[in-house]
Structures are given as C-alpha cells and as structure tokens.
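Visitor: Residue-level listing of the chains:
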Amino acid sequence: MSPRSVALSGWGRWPQVEAELTEATTLDGIRGLVGLGAVSVRGAGRSYGDSSLGTRVLDMAHHTRMRSFDRDSGVAVVDAGATIEDLLRVFAPRGWLPAVTPGTRFVTVGGALASDVHGKNHHAAGSFSDHVLWFELLLGDGEVVRVSRESLPELFHATAGGMGLTGVILSVALQLIPVRSGRILQRSLKLPGIDATVAAIETNANWTYSAAWIDCQARGRSLGRSLLLLGEHDTDGGHDPAVNVRRPVAIPFVPPSGTLARPVVSAFNTLYHGRQRAVERTALVSYTSFFHPLDAIANWNLLYGKRGFLQYQFVTPAQAGADPLRRALALISQAPVPAPLAVLKAFGEANSNLLSFPLRGYTLAVDMPATAAALELCERLDRLVLDCGGRIYLSKDARMSPETFRACYPRWQEFEEIRARHGATGKFSTLQSTRLGLT
Amino acid sequence: MRRWCTEEPTHFVLVGRREDTLRAISEDLVTRGCDGTEASIHVGAFRDSEEVAATVAGALEHGRPDIALVAFGSLPEQAVVSATASALTEALEVNGVWPALCAQLLFNALREEGAGRIVLLGSVAGDRGRRSNYAYGAAKSLLATFAAGLAHAAVGTGVSVSLVKPGPTDTPMTRGAGTRGRLAAPDDVARTIVAGVARKQPVIYAPPRWRVIMAIIRALPGPLFDRLDI
Ligand SMILES: Cc1cc2nc3c(=O)[nH]c(=O)nc-3n(C[C@H](O)[C@H](O)[C@H](O)COP(=O)(O)OP(=O)(O)OC[C@H]3O[C@@H](n4cnc5c(N)ncnc54)[C@H](O)[C@@H]3O)c2cc1C
Ligand SMILES: NC(=O)c1ccc[n+]([C@@H]2O[C@H](COP(=O)([O-])OP(=O)(O)OC[C@H]3O[C@@H](n4cnc5c(N)ncnc54)[C@H](OP(=O)(O)O)[C@@H]3O)[C@@H](O)[C@H]2O)c1
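Respectively, the protein sequence lines represent chains E and R. For the first sequence, the positions run 114 to 552 when our numbering is used. For the second sequence, the positions run 757 to 986 when our numbering is used.
Excised from the complex, chain E in its bound form (with noise of 0.2 Å):
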C-alpha cells in the first residue's frame, strides 16, 4: 500500500522519470491517493511514451480480479488491472474472445479502453470501447459510477480514448465474441509496393482481419513493398489460442543503444519479408502468432539499447487516398534513421469518443531510436500529416507539441469542460497531459 520510488517508462522506455508508485488494493486506497492531488493513473506500460507517467503514480495492474461471465450472452465484468491475456486463458478455451485485440496481449482492460485500442479488425469491428457495455469510474471526488453510453454518455465518450483524464476505471463490462476455434485462418500477400499494398487492402477488405508489415527500407520502385496479412477465424479445431505453446524468452541485458538497428532490422526483415517467397501463401496459425507475434520475445524493447526508442504512428483520412502514405514513407527512408519496419492498416469509421484515434483512412505505426534525427523526422511527418487532416496516435507519442495535439483533436475543448464537470481537473494528469497543455 505504501508508495515506493521508482524509475518507470513506457514501453519505449523513454522518456524515464523518477515516480512515487502505489499499488492501492482497496478501493479506500484509491480514494486516499487520489485525495492527495494529481495522480496518473497507469496499467501495464504498455503504451509506449509518456501517457501512464507522472510523479505520483496510482498502479491498477494488480487489480485483476473476475467479476461474472454470463456464459449464454459471453459478458465478461473483470476488474481494470486484469489482462487481454488473461481474459484469453479464461474465455478462450471456453469459446469466447475479445472482440478487438492490440498487437500485444499484455496490456490491461482498463488501459486498453483508456487508449480506446484498435486490432487488425478495425475496418469490420471497430475500436475496443465499441465492445464496452459499462465501466465504473472512481471520479475525483472519490465518487464510484457506473458510465455507459446511456446512463452518462458524456463521460463514457470522454473516458475512451481519454488517457486517464477523466478518473480511475475500476472494472469493465465486456462484449466477447464467440468463435468455433482458436485457430485463425492467414492468408499472406507479398507486394511489391505502396501502389499494390493499399490495392490489395481495400480488395481483401472482406476478410475480418488485415494488416501489413512494410519495409520502410526499401526506396524508389519499390517503396512500400509489404506483407499483406489477412485472417480469419477457423470454423474448427480446438480452442486452445496456445497462449502457453512458447514462454517468451527474455532478452537478459540491455544492449548499448545503437547496436540495435542491425539484429532488429535483419531478425524482422527475415520473419516477416524475405521468408516468404511465393507470392501467396495460406496457413492455420495459432490465435497468438497471429495476433501477438511480438510477444514471444518477453522485452524486446531492450534491443533499443539504453537510449530508448518512440513509436510514430498516425492515421491519414480515405480521401486523401495512397499520396501520404508514399510521402510518409519517403521521409522515413530518406532519412538518418534506423527505422526497418511499419505497419499499415484500413481503419474503418470513427466512433463519437473525443479523443480516439481511429477515423476513416490509413495509418501507419514505425519504430525509431529516440535520437535527434529521429525527432525531427516525427516534426517533419506531424505537418504532412497535419496538412492532410490526420492525427497522431496518444497512445503511441511522446513528444508531439499542444499545437499539434490540438489540431489533431478539435474536439479537446470539449474534452476538458466535461473532465471539468466531473471533478477530473487538476486530479488526473499525466506527463503527457501537461505536456499537451491539459488542465
């Protein structure tokens, strides 16, 4: 219960701050804490800048506790702290999934609806609060409610995608899906470049999942050559999602900063563009390969070194069409940046949160070293994206500046008239957050 000091970061480990973490796991520790002043609010870390950083640091990942499953309609109610791994030990063999999924399975319920997370599915399914029936939300005051879209819809569309502004989500009412096999069904599409990448996205835009790997080395003709990854649910076959096939292995040092690139670049080069050499190919893959190809490595963000490393991603609206998406692109690999791989995906339509990211378009998520270089290449892409009407993913960013983040949401105003109504000034805030100019 008693606050320790800690050094935390995001998943990019950088930036890195002295914090004061607390593992309140009463609610009457919560209230206490969040008494005191401005808390941030963090899950697992998953995010990868500074959104679940701060001074004082509330820490929900131990609240992972099961509430119900009503085995007919598959509503799960599970505390914030519990995981979508977790949900996928317990649901899965049963039948029962979540119904949105980011590209990691150790990320908390709670986080996951903070940052309103996308999958593979966006196009069809929309985003993870699409799949929410209610939450509980411990306000500034101390008060506990219970938001949905009906009883108090502004805080349900201010609290998803709202980065833990608008108070402490305690625990989740979840829509799963039910599905005859934990297997998925991957067809796979090398392509030879940006041209032929979107075709073929918006031709297989029927499968329920999809998504591509872009070499963001290659230049010229074939700028944008990529591996189409498109999935579907097997309609037989055991529900195991293999959660347990491999532990992951742990990398056991950090690397100094700068031998990353290489190993990085030529490990994901092989796995995902030069290992497959037909054009296409079609496999029964386990839930998590497909999903969770990176969580076979336990910390693979060490292999950027001490240093760290950001994660750029935005999303371009449809009817700008391919053009930024080659610009982008173009940037990234002219530039003096060890940045292998992207990947790329079709959202579908927005949803009416404030502050979620996906709208109708393409985005695109690249890892970089936080150097210098590596700043000025996100400056340079935040205009184009800026000019084209996109936006930039919060979940993801660690730097961009109160002038880009308020034209990426025009609606931010309304963001903070809510958090005012609601008591959530001044108590919730992140080092993102000031750093945004949030109240």
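Hint data in this document are derived by calculation from the structure and do not stem from the laboratory. Wrong hints could be hidden among the right ones.
[What the hints assert, rightly or not] Computed beta-carbon distance windows for the label pairs:
1) R/Val799 x E/Ser465: 38 to 46 Å
2) R/Arg947 x E/Ala486: 40 to 48 Å
3) E/Thr552 x R/Thr927: 32 to 40 Å
[What the hints assert, rightly or not] Residues of chain R placed beyond 10 Å of chain E at every Cβ, according to the derived structure:
4) Thr766
5) Ile781
6) Val786
7) Thr787
8) Ala795
9) Ala839
10) Thr840
11) Thr845
12) Arg884
13) Ala904
14) Thr913
15) Thr948
16) Val953
17) Ala971
All C-beta atoms in this analysis are idealised placements derived from N, C-alpha and C, irrespective of residue type, glycine included.
Chain E is fixed; fit chain R with the ligands onto it per the hints.
Guide: The following block gives chain R with the ligands in isolation, referenced to the frame of chain E:
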C-alpha cells in the same frame, strides 16, 4: 497464492476476516473456474484461541474439506517487533501459534473422516534465523516442526500434512517499501504448490530451487553467515 487450480469443478470455502475481499475472491474463482465451480465464504479472524476454534468450526460447517489450506500470516518489520512487545507477540502468534492451532483442529476433524489433506504455509524464512526477520522466521519454524510432528501423527489415518515453504513472492505481503531482490510470480508458486499437494509431498519448496538455496544457507558456518547481510 490464492489462485488454486480450477481445472475440475471445485467447491471453495473461503475463510478470512474481510467480507468484501472474500466476496471478490469468490466471484473471481467462480468466473475463472470451469463449469460447476462454486465458492462459499466464512467470515472469521484468528486473534485468540477461542476465536481460532470458532473460525475453524464455522468453516467446517460448510462441509469436510478434501484439501484445507492454512495460508494466513503477516510479515512485520523486524525493527518494529524488536521494539514493541505486543507487536512481537502478535507476529509470533499470527504466523506460528494460530496456524498450528488451526492445523490441529482440522486434523482432529479430518481424522474422523479418514481422509483429507492439510496444507500449511510456512516459509523459507523458517529455515534459519536471520537478523532481518527472525520473529516471522521463528514463527514459521514453529509451524514447520508442528507440521512434521502432525504428519508423523497422521501416518495411517488417511490424512496427509504438507508444509509449503515459498521463497519471496510477489503478493500484497511483499509490496511496498522494504522488499529487496527478485520476487517469484504467484502463478508459478501456486503451480508448484498444487503439484506438490497432489503428490502429498511433506515439504514443498516453491519455486523448487529454494530447496537447494536453503540447504546451502543452513549449512553455512556461523562466522561466514554472520557476515551476510540478509
Ligand atoms: C507490442 C505492442 C503492440 C501494440 N499494438 C497496438 C495495436 O495494435 N493497437 C493499439 O491501439 N495499441 C497498440 N499498442 C498500444 C497499447 O495497446 C496501448 O498503449 C494500451 O493502452 C496499453 O495498455 P496498458 O494497460 O499497458 O496501459 P498503460 O500504458 O499503463 O496506460 C495507457 C493509458 O491508459 C491509462 N490507464 C491505464 N489504466 C487505467 C485505468 N485503470 N483507469 C484509467 N486510465 C487508465 C493511462 O493513464 C494511460 O493514459 C501496442 C503496444 C505494444 C507494446
Ligand atoms: N509472499 C511471500 O513472499 C511469502 C513467502 C513465504 C511465505 N509466505 C506465506 O504465505 C502465506 C500467504 O501470504 P501471501 O503472500 O499471499 O500474503 P497476503 O496476500 O498478505 O495474505 C495473507 C493473508 O492473511 C490474512 N491475515 C493476516 N492476519 C490475519 C488474522 N489475524 N486473521 C485473519 N486473517 C489474517 C490477511 O488478511 P487481510 O486481507 O484481511 O489483511 C491476508 O489475506 C502466508 O502464510 C505467508 O506468511 C509468503
């Protein structure tokens, strides 16, 4: 350590002093467990011999258990118990005397059935007294000797007795200031306990490597041990 295996339908009876916590744990067990998992709760504490007897009797009213797990305890700061008589007494009682009494009462009840397993939570801290936590350690070693004797007494009765000695584990007990070193994952410890109990192992180190580590620590000659900061 609360995460017991739920692969076959099990009826849990949870005993503790806080009703809301027990209720939350019982919901968790029922939600995670397979179809047919049930949980009942019994609110009771362990502060003196009458209360311990009443709590055990109340728990047994839910039915004779196949497996009885005695896992309450609290890890005090040695500096506090060294300076305060009442805190020292309480540390010795809650980690040693009351669990031993529970074990005896459970044994008396199970012997009549001629079946059942009693599992007591000791600790590696009970294997050798150390300056950093000898009050807690002494109580746990009381429990170890008690468990060994009870197991001896149980021969031929159909009842088995196991003592678990976990190494430092990531639970509410070890959170907060003052804990050093790496903590084992509760799931790993739980898995070891479940496997050990299934085999009726008399002493279960969890994770198992602690059996070797503690054998070495016990064997260290005094002068060498004295220089260790543990
Ligand atoms: C390998 C990898 C792949 C990823 N892939 C994807 C992807 O495909 N799609 C995607 O959308 N994201 C992806 N992400 C990002 C990740 O899903 C989000 O950052 C998610 O929010 C992390 O959850 P967390 O539990 O770690 O939360 P944290 O990182 O701890 O916190 C994230 C935000 O949620 C808030 N928060 C956390 N818990 C609570 C709570 N209980 N109450 C209120 N606020 C809370 C925090 O204040 C913070 O603002 C990926 C991350 C990694 C490391
Ligand atoms: N964690 C470790 O590193 C470690 C190592 C070796 C051995 N152990 C032993 O393992 C067992 C389980 O501990 P844990 O790690 O799971 O810690 P824990 O979560 O703190 O569990 C201890 C439990 O004991 C209860 N308790 C304490 N005093 C009590 C009393 N007088 N009456 C009723 N209940 C009481 C507490 O109840 P409340 O919730 O009401 O406070 C708590 O639920 C303990 O015997 C501990 O000594 C732990």
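Visitor: Work down the list of hints and note, for each, if the structure agrees.
Guide: Each hint, compared with the structure:
In this structure the supplied range 38 to 46 Å holds for R/Val799 paired with E/Ser465, their Cβ-Cβ distance being about 45 Å. For the hinted restraint 40 to 48 Å between R/Arg947 and E/Ala486, the CB-CB distance of approximately 47 Å keeps it satisfied. Separation of E/Thr552 from R/Thr927 is about 38 Å and conforms to the stated range, judged on CB atoms against 32 to 40 Å. With a least CB separation of 15 Å from chain E, R/Thr766 remains clear of the 10 Å interface cut-off, as annotated.
Not every Cβ of chain E is farther than 10 Å from the Cβ of R/Ile781; the closest lies at roughly 7 Å, contradicting the non-interface assignment. The non-interface label for R/Val786 is inconsistent with chain E: the shortest C-beta to C-beta separation is roughly 8 Å, within 10 Å. With a cut of 10 Å on Cβ distances, R/Thr787 falls inside the contact zone with chain E, its closest approach being about 4 Å. For R/Ala795, the non-interface assignment is confirmed: its Cβ lies about 12 Å from the closest Cβ of chain E, beyond the 10 Å cut-off.
Listed as a non-interface residue, R/Ala839 keeps its Cβ farther than 10 Å from every Cβ of chain E; the least gap is roughly 19 Å. At the 10 Å boundary, the C-beta of R/Thr840 stays outside the reach of chain E, the nearest C-beta of that chain being 19 Å off. For R/Thr845, the condition that its CB be more than 10 Å from all CB atoms of chain E holds, with the nearest at approximately 24 Å. At the 10 Å boundary, the C-beta of R/Arg884 stays outside the reach of chain E, the nearest C-beta of that chain being 28 Å off.
At the 10 Å boundary, the C-beta of R/Ala904 stays outside the reach of chain E, the nearest C-beta of that chain being 34 Å off. Listed as outside the interface, R/Thr913 is consistent with that label: its C-beta sits roughly 37 Å from the nearest C-beta of chain E, beyond the 10 Å cut-off. At roughly 15 Å, the least C-beta separation between R/Thr948 and chain E is larger than 10 Å, which holds for a residue marked as non-interface. At roughly 21 Å from the closest C-beta of chain E, the C-beta of R/Val953 stays outside 10 Å, upholding its exclusion from the interface.
Non-interface status of R/Ala971 relative to chain E is upheld: no Cβ of that chain comes within 10 Å, the nearest being about 26 Å off.
Of the numbered hints given earlier, the model fails hints 5, 6, 7; all others are met.
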